[in-house]
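Residue numbers (this note's numbering), protein chains in the order written: chain A, 1 to 419; chain B, 420 to 838.
In case anyone wonders, no lab produced these hints; they're calculated from the structure.
The reader is advised that the hints may include incorrect statements.
Covered stretches of chain B, going by a simulated chain A footprint (3 or more residues, C-beta under 8 Å) [claimed, not checked]: (1) 436 to 446; (2) 769 to 783; (3) 808 to 817.
As a list, the in silico DSS-like pairs of lysine-lysine whose alpha-carbon atoms are at most 25 Å apart [as the list claims (entries may be wrong)]: (4) LYS18(A) <-> LYS726(B); (5) LYS103(A) <-> LYS758(B); (6) LYS243(A) <-> LYS533(B); (7) LYS213(A) <-> LYS429(B); (8) LYS829(B) <-> LYS88(A); (9) LYS29(A) <-> LYS79(A); (10) LYS632(B) <-> LYS10(A); (11) LYS195(A) <-> LYS632(B); (12) LYS507(B) <-> LYS415(A); (13) LYS429(B) <-> LYS216(A); (14) LYS178(A) <-> LYS195(A); (15) LYS436(B) <-> LYS533(B).
Chain B regions said to be covered by chain A (calculated; three or more residues, Cβ under 8 Å) [stated by the list, open to error]: (16) 519 to 532; (17) 656 to 664; (18) 823 to 831.
Here a beta-carbon is modelled for each residue, glycine too, at the ideal position from N, C-alpha and C.
Residues per chain, in single letters:
There are 2 protein chains.
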Amino acid sequence: MEEDFTIIAKRAKTASKKMAVLSTELKNKALINIAQNILQNQSEIFEANSRDLNEAKTLVEKGELNRSAYNRLKLDENKMRDMIQGIKDIVSLDDPIGRILLKRELDAGLVLTKTSCPIGVLGIIFEARPDVITQVSALAIKSSNAVILKGGKESINTNKMIMSVIKDALDNTEGFPKDVLNQIFTREDVAEMLKQDKYIDLIIPRGGNKLVKFIKENTKIPVLGHADGICHIFVDESADLDKAKNIIIDSKTQYPSACNSVETVLIHKDFKFKNELTESLKDAGIEIILSPESWHIEYGEKKLSLKTVNSLEDAVEHINEYSSGHTESIITENEDSAKIFINSVDSSGVYHNVSTRFADGFRYGFGAEVGISTNKTHARGPVGLEGLTIYKYSIEGNGHIVKDYAEGKKQFHHKDIKV
Amino acid sequence: MEEDFTIIAKRAKTASKKMAVLSTELKNKALINIAQNILQNQSEIFEANSRDLNEAKTLVEKGELNRSAYNRLKLDENKMRDMIQGIKDIVSLDDPIGRILLKRELDAGLVLTKTSCPIGVLGIIFEARPDVITQVSALAIKSSNAVILKGGKESINTNKMIMSVIKDALDNTEGFPKDVLNQIFTREDVAEMLKQDKYIDLIIPRGGNKLVKFIKENTKIPVLGHADGICHIFVDESADLDKAKNIIIDSKTQYPSACNSVETVLIHKDFKFKNELTESLKDAGIEIILSPESWHIEYGEKKLSLKTVNSLEDAVEHINEYSSGHTESIITENEDSAKIFINSVDSSGVYHNVSTRFADGFRYGFGAEVGISTNKTHARGPVGLEGLTIYKYSIEGNGHIVKDYAEGKKQFHHKDIKV
Numbered sequence: 001m002e003e004d005f006t007i008i009a010k011r012a013k014t015a016s017k018k019m020a021v022l023s024t025e026l027k028n029k030a031l032i033n034i035a036q037n038i039l040q041n042q043s044e045i046f047e048a049n050s051r052d053l054n055e056a057k058t059l060v061e062k063g064e065l066n067r068s069a070y071n072r073l074k075l076d077e078n079k080m081r082d083m084i085q086g087i088k089d090i091v092s093l094d095d096p097i098g099r100i101l102l103k104r105e106l107d108a109g110l111v112l113t114k115t116s117c118p119i120g121v122l123g124i125i126f127e128a129r130p131d132v133i134t135q136v137s138a139l140a141i142k143s144s145n146a147v148i149l150k151g152g153k154e155s156i157n158t159n160k161m162i163m164s165v166i167k168d169a170l171d172n173t174e175g176f177p178k179d180v181l182n183q184i185f186t187r188e189d190v191a192e193m194l195k196q197d198k199y200i201d202l203i204i205p206r207g208g209n210k211l212v213k214f215i216k217e218n219t220k221i222p223v224l225g226h227a228d229g230i231c232h233i234f235v236d237e238s239a240d241l242d243k244a245k246n247i248i249i250d251s252k253t254q255y256p257s258a259c260n261s262v263e264t265v266l267i268h269k270d271f272k273f274k275n276e277l278t279e280s281l282k283d284a285g286i287e288i289i290l291s292p293e294s295w296h297i298e299y300g301e302k303k304l305s306l307k308t309v310n311s312l313e314d315a316v317e318h319i320n321e322y323s324s325g326h327t328e329s330i331i332t333e334n335e336d337s338a339k340i341f342i343n344s345v346d347s348s349g350v351y352h353n354v355s356t357r358f359a360d361g362f363r364y365g366f367g368a369e370v371g372i373s374t375n376k377t378h379a380r381g382p383v384g385l386e387g388l389t390i391y392k393y394s395i396e397g398n399g400h401i402v403k404d405y406a407e408g409k410k411q412f413h414h415k416d417i418k419v
Numbered sequence: 420m421e422e423d424f425t426i427i428a429k430r431a432k433t434a435s436k437k438m439a440v441l442s443t444e445l446k447n448k449a450l451i452n453i454a455q456n457i458l459q460n461q462s463e464i465f466e467a468n469s470r471d472l473n474e475a476k477t478l479v480e481k482g483e484l485n486r487s488a489y490n491r492l493k494l495d496e497n498k499m500r501d502m503i504q505g506i507k508d509i510v511s512l513d514d515p516i517g518r519i520l521l522k523r524e525l526d527a528g529l530v531l532t533k534t535s536c537p538i539g540v541l542g543i544i545f546e547a548r549p550d551v552i553t554q555v556s557a558l559a560i561k562s563s564n565a566v567i568l569k570g571g572k573e574s575i576n577t578n579k580m581i582m583s584v585i586k587d588a589l590d591n592t593e594g595f596p597k598d599v600l601n602q603i604f605t606r607e608d609v610a611e612m613l614k615q616d617k618y619i620d621l622i623i624p625r626g627g628n629k630l631v632k633f634i635k636e637n638t639k640i641p642v643l644g645h646a647d648g649i650c651h652i653f654v655d656e657s658a659d660l661d662k663a664k665n666i667i668i669d670s671k672t673q674y675p676s677a678c679n680s681v682e683t684v685l686i687h688k689d690f691k692f693k694n695e696l697t698e699s700l701k702d703a704g705i706e707i708i709l710s711p712e713s714w715h716i717e718y719g720e721k722k723l724s725l726k727t728v729n730s731l732e733d734a735v736e737h738i739n740e741y742s743s744g745h746t747e748s749i750i751t752e753n754e755d756s757a758k759i760f761i762n763s764v765d766s767s768g769v770y771h772n773v774s775t776r777f778a779d780g781f782r783y784g785f786g787a788e789v790g791i792s793t794n795k796t797h798a799r800g801p802v803g804l805e806g807l808t809i810y811k812y813s814i815e816g817n818g819h820i821v822k823d824y825a826e827g828k829k830q831f832h833h834k835d836i837k838v
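Let the sequences and hints guide you as you build the complete structure.
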């Protein structure tokens with residue numbers, strides 16, 4: 001450990017209290033400064049990245065790192081431009097903090113207000129994509145949260161350089177509190193972080209399902225995210241063949257390793273074009289697996305499990321049993337079947353005649369995506385800035401006491417005030 | 420164990436899927452049937468309660484149960500009437516399920532809808548108040564959740580009788596699914612329940628802080644509630660003496676064992692009427708404790724800790740360090756101080772010139788209260804029916820695929836649709 005973790009966590013908590021009262025203007029100014037500083041220090045960041053890439057290349061040659069991880073690690077001009085644009089995009093989003101969610105006069109002169117506020121301290125753990133660090137830092141700043149970041153060890157030089165450029169920009173933003181962004185580097189630090197439920201309010205893992213599962217099993221802090229992405233498409237009796245073909249091929253091949261790719265296709269026994277459909281899937285390079293052992297599998301490549309079901313009800317039952325609760329789609333021309341499917345399937349996204357790949361914060365128009373959650377509390381599905389907020393209740397009064405209401409001397413009248 | 424717990428949990432999960440599609444009419448009909456059946460079976464319930472009271476009396480005599488627990492256990496005509504009225508009140512609340520929270524056209528013919536839906540299976544653990552069982556069952560039904568209930572062992576006969584009366588009513592409600600309400604009885608069952616994060620989505624403990632702490636430390640399932648209730652009042656330099664007196668006396672004496680009672684009073688060093696204030700608190704029968712060791716204490720009786728602070732900032736810092744995050748109040752005639760206090764204190768309720776005892780779902784006008792949460796995610800403060808819901812996203816399309824958008828053939832236009 002480079003530093004006792006509790007000190008970092010306490011410092012982040014203290015910083016989070018200062019963040020809670022920051023103006024939108026100051027937060028946006030800080031974000032613009034970060035974007036500018038990254039632009040001005042591109043060459044240093046590329047240089048740090050090339051050091052990481054050199055080490056990673058050796059690992060790839062030894063077979064200790066796969067090619068796709070290497071590619072995710074690599075920063076190029078395009079990724080750098082996207083990183084900078086991503087920060088600017090967050091500047092233009094509405095401030096999620098200080099929104100009045102409810103205003104209610106409880107009685108004369110006694111006004112209740114529910115206002116959105118930051119969660120506090122976020123613990124964010126991500127794998128080999130160094131561009132996550134700017135995105136996550138920008139989201140934390142915009143939502144007035146402090147953050148403790150742990151990046152992948154393969155990108156340590158890039159992460160350190162980007163963080164130093166970001167911190168530089170914040171130091172030069174007058175009035176911006178210290179210690180809002182904190183970085184940790186070791187697995188031991190992560191283990192410590194997962195124990196700090198007194199100081200850390202939410203953990204967001206951004207990475208593969210092994211990482212997410214490990215974190216979920218090793219902390220009492222709420223975790224926002226998803227481990228598996230076992231998405232289903234159900235081809236109903238009355239499905240249109242072309243729609244079924246196009247949607248399944250898009251859902252499987254457009255980006256096979258994405259969490260919202262389809263893994264299992266269920267086909268109604270009375271669907272008349274089963275053979276045509278499977279032939280066209282094979283033509284699209286998709287391998288079809290026909291065994292019950294496959295229903296738990298997230299392939300992440302151009303393979304899918306296929307199963308014939310007797311009815312819509314059987315399809316719903318299969319999905320509610322085997323799905324990871326991420327995203328499912330029904331292909332049908334029957335509106336009633338679509339309605340039953342949408343109401344009965346217990347997943348964060350339930351679609352009709354649409355590719356599962358639409359499950360994404362940007363496609364939903366959230367302007368930013370914190371991650372995709374399969375949780376049943378707090379935030380579900382693609383999570384935007386709002387998922388990094390909670391609310392508090394304030395009451396303004398003039399000496400009001402409960403005794404008067406308990407004894408019937410006064411009565412609540414509960415009149416909502418328009419805001 | 421009377422039955423393997425996993426079987427109960429799975430059964431509840433299955434029932435929860437059926438609950439998710441129930442109509443408001445059927446849920447309300449079930450609630451009305453429950454209210455009527457309790458009315459018709461009052462004498463059996465009183466009889467079961469008197470058996471519990473007989474056993475409890477022996478425990479009180481032996482010193483193994485305190486008097487207030489005995490009183491909470493006792494059902495009388497008033498409590499029975501309140502129980503029945505409580506169910507009827509929940510009938511009249513708006514259905515929290517199926518509310519459209521967002522409707523957005525992503526592109527022509529591609530419509531995203533965010534709809535409120537039930538969480539799934541709730542695990543509810545409560546102590547010796549048998550009237551909780553009807554309230555919790557009614558809230559679960561109205562919010563389309565299945566529930567597993569564990570009541571206090573002292574009220575086992577009353578709980579079993581009430582549950583049998585409720586189940587009878589549900590069996591006679593045509594179309595109402597089986598196994599929505601499930602009861603467990605032993606500590607071993609509770610231990611099992613806390614492990615079932617696959618089937619149980621939210622745990623709600625209703626009881627003292629020992630119970631809540633034990634549960635929070637022994638489960639990975641989200642827990643809605645609060646352990647401690649260490650509430651503060653800060654008497655600012657410019658506080659009005661009468662308001663300070665009345666509010667502190669109300670906050671401490673109106674119901675000293677309530678979680679929203681004040682435990683620590685902070686007084687600004689320049690407040691001119693400190694002596695008058697402390698004298699009037701003593702006259703109201705409040706014992707004043709002046710030691711740093713007391714700042715962590717929840718008295719639950721007519722005692723409070725008193726501390727002089729140098730400034731508003733010091734008061735905020737003390738509160739953010741020692742508070743349980745429940746409810747705090749500032750007494751001041753200075754609007755700026757009030758604003759800073761409300762924005763800087765990180766608690767679920769932050770008040771100005773108001774008793775802390777207002778922190779309550781009924782007083783807030785929620786119509787029902789699930790509990791009070793000090794969590795920083797999902798639900799905070801007094802939680803109404805909405806806290807038992809989450810949402811899902813559905814998309815209706817007509818063969819839409821992501822490839823068209825990724826390749827720039829089509830663009831999202833993200834137009835919100837009024838609902």
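Going through the hints against the structure:
{"no.": "1", "hint": "436 to 446", "result": "holds (count 3)"}
{"no.": "2", "hint": "769 to 783", "result": "holds (count 11)"}
{"no.": "3", "hint": "808 to 817", "result": "holds (count 9)"}
{"no.": "4", "hint": "LYS18(A) <-> LYS726(B)", "result": "holds, 24 Å"}
{"no.": "5", "hint": "LYS103(A) <-> LYS758(B)", "result": "holds, 16 Å"}
{"no.": "6", "hint": "LYS243(A) <-> LYS533(B)", "result": "holds, 24 Å"}
{"no.": "7", "hint": "LYS213(A) <-> LYS429(B)", "result": "holds, 22 Å"}
{"no.": "8", "hint": "LYS829(B) <-> LYS88(A)", "result": "holds, 24 Å"}
{"no.": "9", "hint": "LYS29(A) <-> LYS79(A)", "result": "holds, 23 Å"}
{"no.": "10", "hint": "LYS632(B) <-> LYS10(A)", "result": "holds, 22 Å"}
{"no.": "11", "hint": "LYS195(A) <-> LYS632(B)", "result": "holds, 16 Å"}
{"no.": "12", "hint": "LYS507(B) <-> LYS415(A)", "result": "holds, 22 Å"}
{"no.": "13", "hint": "LYS429(B) <-> LYS216(A)", "result": "holds, 22 Å"}
{"no.": "14", "hint": "LYS178(A) <-> LYS195(A)", "result": "holds, 24 Å"}
{"no.": "15", "hint": "LYS436(B) <-> LYS533(B)", "result": "holds, 18 Å"}
{"no.": "16", "hint": "519 to 532", "result": "holds (count 4)"}
{"no.": "17", "hint": "656 to 664", "result": "holds (count 3)"}
{"no.": "18", "hint": "823 to 831", "result": "holds (count 3)"}
The structure meets every hint from the earlier list without exception.
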